[in-house]
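Student: Single-letter residue listing:
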Amino acid sequence: MASSLLRSDRAGWGFAIPAFALIGTFIVLPFFFAFYLSLTNQRLISPNPTEFVGLDNYRSLLGVAVVTLEPERGDDGAVLRDEDGNIEYPSLRSVTRNDDTPQYRGMREWFRWSSGDDARVVIARDVVFMKALVNTFTFVLVVAPCQAALALGLALLINQRLRGINVFRGIYFMPVVVSIVVVSLLWRFIYDGQDGLLNNLLSGLTFGLFQPVDWLGNPSTALGSIIVMSIWQAVGFHMVIWLAGLQTISPTLYEAADIEGATKWQRFRFVTWPGLRNTAVLILIVITMQCFALFAQIDVMTKGGPLDSTQTLVFQAVERGYGKQDISGGSTISVLLFLIVLCISLIQRWLTRERT
Amino acid sequence: MATISQDNHGLRLAVRYLVLVLVAVIFIFPLVFMVVSSLKPDQQLLSDTGSLRAFLPVGDIGLSNYTHAFQRAPVGLFVFNSVFVTGLTVLICLLVCSLAAFAFVFLEWRGRAVVLSIILATLIVPFETIAIPLLLLVSKLPWIGFSGIEHGWLNTYRVQILPWAADGLTIFLFVQYFKDLPRELIEASRVEGATWLQIYLKVVMPLAGPVLATAAILKFLVMYNQYLWPLIVVQDEAYRPVMVGLQYFFQLNTAWGEIMAYLSLITIPVLAFYLVLQRAFIASIASTGVKG
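Protein sequences, first through last, are from chains A and E.
Here the first sequence is numbered in the numbering used here, starting from 432 and rising by one per residue.
Here the second sequence is numbered in the numbering used here, starting from 1019 and rising by one per residue.
Hints were generated in silico from the structure; no laboratory data involved.
Ideal Cβ placement from N, Cα and C applies to all residues, glycine included.
Honestly, I wouldn't trust all of these hints.
[As the list claims (entries may be wrong)] Which bits of chain A does chain E cover? Going by a derived footprint, with three or more residues having C-beta under 8 Å, they are:
hint, segment
1, 443-452
2, 604-611
3, 664-677
4, 692-698
[What the hints assert, rightly or not] Pairwise CB distance ranges, derived in the manner of DEER restraints:
hint, chain 1, residue 1, chain 2, residue 2, range
5, A, Phe-483, E, Leu-1225, 45 to 55 Å
6, A, Lys-695, E, Phe-1102, 51 to 61 Å
7, A, Arg-698, E, Tyr-1035, 21 to 31 Å
8, E, Gln-1089, A, Thr-569, 39 to 49 Å
9, A, Thr-569, E, Gly-1094, 50 to 60 Å
10, A, Gly-648, E, Leu-1199, 49 to 59 Å
With the sequences and hints as input, model every part of the structure.
Tutor: Here it is as structure tokens:
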């Protein structure tokens, strides 16, 4: 249908060029620039010329090894134990500062477990990065399914025909229009270890039995607290997308189900859910992308602490690239993050592909 | 029998509303806490967190936190910066993205398919993955100013505006909308001898009201709530937007009442805007999902 009426190379380029130039300069160019920078030792401001360093940045981020420490033995060959009965091991420095094992030089302990009398120690070149990687994945793996499911629950709740239902919909959506920075500050009050609203609520409900917790100051609760808050803030967004999906399902299907005498669960399982298939794919992809970008909550609430329990990839990329002016280090993390996001969205698309 | 089933119905209705209200409380209590606390002196603010008083405007209520906030930080300047950057970015974005979408949908030109697929491919690149290389890029970019050519865009308005002035999602929204407009309209205007600019201005844009509202709202939310980007490219407070200006309140002694006042000040206008245009806000979020 090539119509000469609509054909014009000059007008076409003329209309498209402003947007294309902006996107090319500020998105496409830095995207490829990131790959290049990750192979150099570029700094934001430096008197020395930039050098090409190959894959060194990747090696120093991703270097991981497992070493086995054998227990200290006495003269009789028996395993030595300390006062508490724990096996004594040589210090890790005997491996990481040993000239016989130069490949482990400079690596630090990430975590360890015991296997028989031996201890297996996982050592990493960059323990903070590894923790950031694990935290980010934890965040995504918890938030994506929980938030998607809660959002669907809310959408079903709000899809009833009731007087005043729009008021409730409006309230549930409210946190979405509030900046995550503002939300994070407010929730610092909720999570506070002393005057926190959450501690006060819990001790009120248990008549004072509950011991106050410093939710953000405790390595075992900090990430969980940020997860709960993040879901609270963003769930309304996905509720609205589910709702749009729900409203595309034809009412005649529900009427047919009623005539067949379907139960509520059957209605959901055989009418609602199949109709939401495309919406589900979209929502999972959108939430996953948003989760990997986790930054503002961390910056406002914990700065990655306590004990690196809330480090994330973006927070590390910014801390290095901006805070330490180590552009190449920050770019390397950015490239790894992009590759992860790309893989995940390809996997999600493949898992949820149309089966024909 | 009839009365029993009616009671039953009433009860079920009551339970439904109870659930709706409880969920609403979960979503609204931090915001109520924010506004109420902004009216209280620091000491009372902290002691009230132990009871329901935290959510009630009781005790020593006043606006002094607001006046103190203005004294402590250049609040007016931060608000101006945010409004200026947000407003200008939304306007430029609507213009260049609608122009591009117009070209993609109504015009046939060499390179159209390639350019469109490059633009749509950027949708899977999260901004966070290009922030650091972009930081280096903008620190070196030239600019022709009043005093000739200067280098470096840090600490300016343009560094907050231009990188956000066009994006794949907005173009996508316009493309989806334009595709549903009748092509005969365009062809007829061509036959009558209208130029492409005339068709864009007089035929297509007058019909684009809904998509303009959608795109403007989405862009507005993104721009007003910017944090990461201005944090790393604007150290000069003269150009800082509201979210980054917040740091001001954590220097020296932290006065929570003033922080709550500042948070209320930068949030309430957006909430009010949202409450007035609720339908349009929700429709714009929904439209990112339906056809995607």
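Student: Against each hint, give a clear statement of whether it holds in the structure.
Tutor: For each hint, the structure was consulted:
no.: 1; hint: 443-452; in the structure: holds (count 8)
no.: 2; hint: 604-611; in the structure: holds (count 8)
no.: 3; hint: 664-677; in the structure: holds (count 7)
no.: 4; hint: 692-698; in the structure: violated (count 0)
no.: 5; hint: A/Phe-483 with E/Leu-1225: 45 to 55 Å; in the structure: holds, 53 Å
no.: 6; hint: A/Lys-695 with E/Phe-1102: 51 to 61 Å; in the structure: holds, 52 Å
no.: 7; hint: A/Arg-698 with E/Tyr-1035: 21 to 31 Å; in the structure: holds, 22 Å
no.: 8; hint: E/Gln-1089 with A/Thr-569: 39 to 49 Å; in the structure: holds, 43 Å
no.: 9; hint: A/Thr-569 with E/Gly-1094: 50 to 60 Å; in the structure: violated, 42 Å
no.: 10; hint: A/Gly-648 with E/Leu-1199: 49 to 59 Å; in the structure: holds, 56 Å
In summary, the numbered hints that this structure violates are 4 and 9.
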